[in-house]
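Asks: Here is how the chains run, residue by residue.
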Amino acid sequence: MLKQYPTLRFILMRGGWYFITFLVAVTINFYLPRLGKHNPVDIIMGKSGSGMSTEDARIKEEMYLQEFGLVKVSGSGATREIVRDSEGKPVRTTGFEQFVTYIGMCLKGDLGTSFQKYPKKVVDVIKEAVPWTLALQIPTIICGWIVGNVLGAMAAYRRGIFDKVFFPFALGLSAFPFFVFGMLLVYFFAVGFHWFPAMGGYANNVIPSFSFEFFSSAAHHYVLPFFSIFLILAGGQAIGMRSMGIYELGTDYIKYAKWLGLKESKVLAYLFRNAMLPQITGLALSLGVMIGGALITEMIFSYPGLGMAMLTAIQNNDYPMIQGVTLIITTSVLIANFTVDVLIGFLDPRVKAGLQIGKGN
Amino acid sequence: MMRSSCLKVLAVGALLLGLVSCGGSSGGEAGFPRSKTLYLAGSQWGDPNTFNPLVENWQAAWPVNDRFNLMYEPLITYNSLNGKFEPLLGTLVSSDPDKVVVDINPAAKWSDGQPVTSADVKFVFEIGRRFRNAATAFAIDFTKEILAEKLENGGERLTFVVNKESRNNPLVILDHLQAIRIVPAHVFEKLLSDNGNDLSAVQKLKIDKDPVVTGPYNLENYTNERIVLKRRADYWGNDVLYGGKEPAPEFIIHPIYKNNDHFAIALQQGKLDASQTFMPRIWLKKKDGVKTWYDDAPYFVPGTMPLLVINTTKAPLNDKNFRRAMAAAINYNDIKELAVSNYASDLEPGLIMNQGLEKKFFSAEDAAEFGVKHDPELAKKILADAGYKSVLKADGTLDHMLDKNGNRLPTLSIMVPAGWSDWEAMVKLAEKSLRAAGIDVREGPVDAGIYWSSHGPGNFDIVMRKLAENVTPSLPWGRFEAVMSTRNWLPVGGDNWMSENQGRYNQPGTPEYRPEVDSLLKAIPTISDEAQLAAAYRELNKIFMQDQPVIPLCYLPEQFYQFSAKQWKNWPTSDNPYAPPLLPWVGASTKILWNLQLAK
Numbered sequence: 001m002l003k004q005y006p007t008l009r010f011i012l013m014r015g016g017w018y019f020i021t022f023l024v025a026v027t028i029n030f031y032l033p034r035l036g037k038h039n040p041v042d043i044i045m046g047k048s049g050s051g052m053s054t055e056d057a058r059i060k061e062e063m064y065l066q067e068f069g070l071v072k073v074s075g076s077g078a079t080r081e082i083v084r085d086s087e088g089k090p091v092r093t094t095g096f097e098q099f100v101t102y103i104g105m106c107l108k109g110d111l112g113t114s115f116q117k118y119p120k121k122v123v124d125v126i127k128e129a130v131p132w133t134l135a136l137q138i139p140t141i142i143c144g145w146i147v148g149n150v151l152g153a154m155a156a157y158r159r160g161i162f163d164k165v166f167f168p169f170a171l172g173l174s175a176f177p178f179f180v181f182g183m184l185l186v187y188f189f190a191v192g193f194h195w196f197p198a199m200g201g202y203a204n205n206v207i208p209s210f211s212f213e214f215f216s217s218a219a220h221h222y223v224l225p226f227f228s229i230f231l232i233l234a235g236g237q238a239i240g241m242r243s244m245g246i247y248e249l250g251t252d253y254i255k256y257a258k259w260l261g262l263k264e265s266k267v268l269a270y271l272f273r274n275a276m277l278p279q280i281t282g283l284a285l286s287l288g289v290m291i292g293g294a295l296i297t298e299m300i301f302s303y304p305g306l307g308m309a310m311l312t313a314i315q316n317n318d319y320p321m322i323q324g325v326t327l328i329i330t331t332s333v334l335i336a337n338f339t340v341d342v343l344i345g346f347l348d349p350r351v352k353a354g355l356q357i358g359k360g361n
Numbered sequence: 001m002m003r004s005s006c007l008k009v010l011a012v013g014a015l016l017l018g019l020v021s022c023g024g025s026s027g028g029e030a031g032f033p034r035s036k037t038l039y040l041a042g043s044q045w046g047d048p049n050t051f052n053p054l055v056e057n058w059q060a061a062w063p064v065n066d067r068f069n070l071m072y073e074p075l076i077t078y079n080s081l082n083g084k085f086e087p088l089l090g091t092l093v094s095s096d097p098d099k100v101v102v103d104i105n106p107a108a109k110w111s112d113g114q115p116v117t118s119a120d121v122k123f124v125f126e127i128g129r130r131f132r133n134a135a136t137a138f139a140i141d142f143t144k145e146i147l148a149e150k151l152e153n154g155g156e157r158l159t160f161v162v163n164k165e166s167r168n169n170p171l172v173i174l175d176h177l178q179a180i181r182i183v184p185a186h187v188f189e190k191l192l193s194d195n196g197n198d199l200s201a202v203q204k205l206k207i208d209k210d211p212v213v214t215g216p217y218n219l220e221n222y223t224n225e226r227i228v229l230k231r232r233a234d235y236w237g238n239d240v241l242y243g244g245k246e247p248a249p250e251f252i253i254h255p256i257y258k259n260n261d262h263f264a265i266a267l268q269q270g271k272l273d274a275s276q277t278f279m280p281r282i283w284l285k286k287k288d289g290v291k292t293w294y295d296d297a298p299y300f301v302p303g304t305m306p307l308l309v310i311n312t313t314k315a316p317l318n319d320k321n322f323r324r325a326m327a328a329a330i331n332y333n334d335i336k337e338l339a340v341s342n343y344a345s346d347l348e349p350g351l352i353m354n355q356g357l358e359k360k361f362f363s364a365e366d367a368a369e370f371g372v373k374h375d376p377e378l379a380k381k382i383l384a385d386a387g388y389k390s391v392l393k394a395d396g397t398l399d400h401m402l403d404k405n406g407n408r409l410p411t412l413s414i415m416v417p418a419g420w421s422d423w424e425a426m427v428k429l430a431e432k433s434l435r436a437a438g439i440d441v442r443e444g445p446v447d448a449g450i451y452w453s454s455h456g457p458g459n460f461d462i463v464m465r466k467l468a469e470n471v472t473p474s475l476p477w478g479r480f481e482a483v484m485s486t487r488n489w490l491p492v493g494g495d496n497w498m499s500e501n502q503g504r505y506n507q508p509g510t511p512e513y514r515p516e517v518d519s520l521l522k523a524i525p526t527i528s529d530e531a532q533l534a535a536a537y538r539e540l541n542k543i544f545m546q547d548q549p550v551i552p553l554c555y556l557p558e559q560f561y562q563f564s565a566k567q568w569k570n571w572p573t574s575d576n577p578y579a580p581p582l583l584p585w586v587g588a589s590t591k592i593l594w595n596l597q598l599a600k
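In the order they appear, the protein sequences are chains V and R.
Under the numbering used here, the first residue of the first sequence is numbered 1, with each subsequent residue one higher.
Under the numbering used here, the first residue of the second sequence is numbered 1, with each subsequent residue one higher.
I should point out that these hints are in silico values taken from the structure, not numbers from a laboratory.
Positions of the beta carbon are idealized from the N, C-alpha and C atoms, including for glycine.
The reader is advised that the hints may include incorrect statements.
[As the list claims (entries may be wrong)] Label-pair distances were calculated between CB atoms; the ranges are:
1) 418/R - 161/V: 47 to 53 Å
2) 375/R - 172/V: 48 to 54 Å
3) 57/R - 95/V: 27 to 33 Å
4) 107/R - 31/V: 56 to 62 Å
5) 195/V - 107/R: 50 to 56 Å
Let's have the full structure, built from the sequences with the hints guiding it.
Replies: So this is what it looks like as structure tokens:
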């Protein structure tokens with residue numbers, strides 16, 4: 001049907017596969033935390049202090065089970081009643097029943113109420129945290145990617161002293177675990193020289209608002225977290241780009257371009273475009289691990305973001321929170337990968353040629 | 001060309017960076033000036049979820065959680081230094097085995113101008129009669145009813161009648177009076193009736209917009225990074241309790257850090273004025289102005305003891321000889337020196353501290369006669385006498401243990417929350433000395449989720465816990481109750497939730513059951529004669545040392561009270577003990593706020 005539009009067909013096919021992947025991922029994200037035998041209500045009970053009689057503990061436990069939709073309930077409002085079996089024990093909802101409720105709520109844009117951050121809504125937690133995570137990670141990753149690749153390509157092309165200095169440096173950076181690097185930044189630039197603050201997303205005495213004050217404070221707090229990721233990422237990207245570049249330099253088209261006497265920048269542009277393809281896939285992958293990476297940054301710099309929310313949710317079997325955060329991660333990873341897939345389709349002549357052949361059939 | 005554009009990018013980047021660092025250092029004073037702001041930390045770790053005083057303690061954000069009295073206030077406060085009760089919303093008149101009498105302060109007012117009345121007190125103390133699942137529902141098990149009578153000065157006299165049919169425990173009523181904060185009945189009754197008398201609907205409200213409070217501060221604003229309180233100009237207590245003086249700081253900010261190191265950095269940089277977090281080797285931070293109650297070791301005042309709770313239903317832990325051998329094997333001095341930076345004096349056997357308010361109940365004679373101290377040879381002897389055998393590897397390290405019938409014993413695990421570094425350090429050192437004495441245990445770090453959910457049903461071999469961690473009027477009774485009471489005894493596993501004695505010590509109905517434990521636990525709160533009380537405590541501590549149901553590891557302070565005098569001075573210390581060593585947000589230490597002075 002879409003044979004005359006191979007590109008559109010390619011995009012739709014890919015999109016279809018990504019949608020199926022999405023459904024599978026959501027289902028796995030739902031069931032995975034429930035596989036552990038630990039009941040989230042037990043955790044809450046554990047924190048609710050001592051001195052409760054057995055009867056009080058039972059009443060409290062039932063209240064939470066009901067609140068979190070883990071037992072069957074009849075009626076509504078103040079007349080809600082827990083459905084009980086013949087022994088008077090509350091009837092638990094099955095995983096599948098919870099899944100159906102969850103999907104129904106998701107379609108209405110409701111991700112539920114967090115167990116641990118009760119009575120906060122999961123959507124609110126995500127809304128508060130995601131802007132910080134995105135504002136730190138996206139520019140860092142993109143800048144690191146661009147700077148790393150440009151420097152890597154230059155190192156490959158120029159060789160000589162630039163490469164001899166740059167390559168070991170980049171190799172060293174990329175091999176550095178970035179939490180160690182982050183701690184070193186704090187040690188030198190925050191504790192030692194007092195140039196930048198050691199922690200937080202903005203100064204404690206500033207009110208978050210659209211004011212110069214807030215933005216300058218946020219920018220000041222942005223520097224160390226930014227560099228903790230940026231430098232290491234750029235180092236890693238540069239290494240990859242340099243190897244790809246050296247490989248491409250030996251290819252016939254570059255030699256031919258040089259023989260033709262093309263300008264250096266033109267040859268470098270050819271080189272860049274071809275060596276870049278695997279690097280683009282790498283970019284999509286680094287966007288995918290963004291939230292996990294954010295956690296480390298958040299811990300080192302007490303920076304706001306989604307990573308910590310996810311960690312505490314997982315530690316506490318906070319089902320709605322885990323589901324909500326993994327939904328965001330799944331969606332962003334899939335979107336990033338899908339975009340790269342489509343981009344590669346346009347950028348890689350081989351993929352493009354494949355599409356053209358498809359057209360011929 | 002490529003190079004020049006690269007250079008441009010770098011130049012622009014450098015310029016932006018320069019701008020940012022200038023902007024950051026110059027700006028930021030407008031919101032909350034440093035000279036008017038007190039920075040306190042260590043009580044709020046995650047996002048603030050709600051400021052509703054009717055939710056469970058751990059669910060609410062600072063300062064509505066725990067026992068903090070900056071927004072909502074209790075009737076009285078307890079001075080953990082001298083054991084005296086100090087007036088707040090009320091004044092303690094008397095307490096005896098039948099009743100506790102408190103006069104409401106006639107000047108006490110809510111921030112909306114309404115007076116504090118017996119209706120407010122009854123609302124929160126008697127909420128359990130209306131909603132059995134309310135956070136303070138437990139109060140009715142102790143207080144049968146609250147009788148109110150008008151006094152000539154316009155105030156009210158409240159008589160808390162001891163619930164003899166239920167818990168019969170006036171001691172815990174005193175605990176409640178200093179811990180349960182009074183909430184405005186007129187506000188919450190209206191919220192309840194607006195929500196169809198559904199408590200869980202009211203619990204979902206965040207109560208973060210102009211809450212009606214009695215305390216000296218109120219919520220100004222909050223984000224996930226910090227909570228800001230503002231001084232109330234019309235606080236009723238300024239005139240009545242502080243001779244017309246206002247608290248010194250206009251704002252109190254609680255920054256929320258995600259990393260323990262940040263408290264130390266902030267204190268050293270003067271960005272934080274006080275914190276209650278564990279900082280190892282505090283003497284190294286002295287040069288940067290970090291101070292503590294005592295200038296030298298032990299730096300802090302002991303108030304609590306972290307302990308190993310033992311699952312006494314599981315072999316070989318069900319054998320008291322084995323437990324006593326464990327207690328003799330552990331090197332407490334190592335734990336004190338290496339894990340908690342010498343922040344306490346030497347541990348004595350038993351569950352009663354040999355100092356402070358508990359000293360009068362401590363018997364050195366009994367400790368020497370019935371208790372065990374660190375003595376690896378004694379540990380080996382107790383094990384050998386009881387028939388246990390430690391099998392060693394070729395290199396002399398422990399391989400496994402055999403019981404008296406020659407059966408191999410499983411390796412025991414000490415459960416501890418992964419990442420709680422000071423706790424893990426204590427457990428690791430305990431593990432080391434236990435293994436050296438031939439006892440097969442290993443540290444078992446687990447996720448916080450597993451940790452919290454395992455206590456109640458007793459799903460552990462040994463678990464590290466800090467019970468009765470606040471210094472309250474009911475200590476040391478509260479500590480004994482937490483580890484020895486069989487009031488709610490249930491077998492291990494399933495839905496069998498026990499909130500005290502989670503190690504299932506002293507199972508009723510078995511030949512080893514010692515009924516005197518429960519009768520002493522029941523009797524102590526009603527004994528008013530000091531000599532009788534000391535004798536009862538002696539007896540209980542003797543049983544504890546004989547049976548060793550849990551193993552205390554060291555003494556620790558109730559709070560790691562550490563402060564910096566860079567911005568604010570006149571903090572209480574051992575030289576100037578005008579308030580207990582607690583941050584100025586709880587108990588009798590809130591008065592620090594009226595005593596602080598600007599350092600410059």
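Asks: Determine for every hint whether it applies to the structure shown.
Replies: Each hint tested on the structure:
1. 418/R - 161/V: 47 to 53 Å: Holds: the Cβ-Cβ distance is about 48 Å, inside 47 to 53 Å.
2. 375/R - 172/V: 48 to 54 Å: Given about 52 Å between the Cβ atoms, the range holds.
3. 57/R - 95/V: 27 to 33 Å: Taking Cβ atoms as reference, residue 57/R and residue 95/V lie about 31 Å apart, which means the hint holds.
4. 107/R - 31/V: 56 to 62 Å: Check passed, 59 Å falls within 56 to 62 Å.
5. 195/V - 107/R: 50 to 56 Å: The hinted range 50 to 56 Å holds for residue 195/V and residue 107/R, with Cβ atoms some 51 Å apart.
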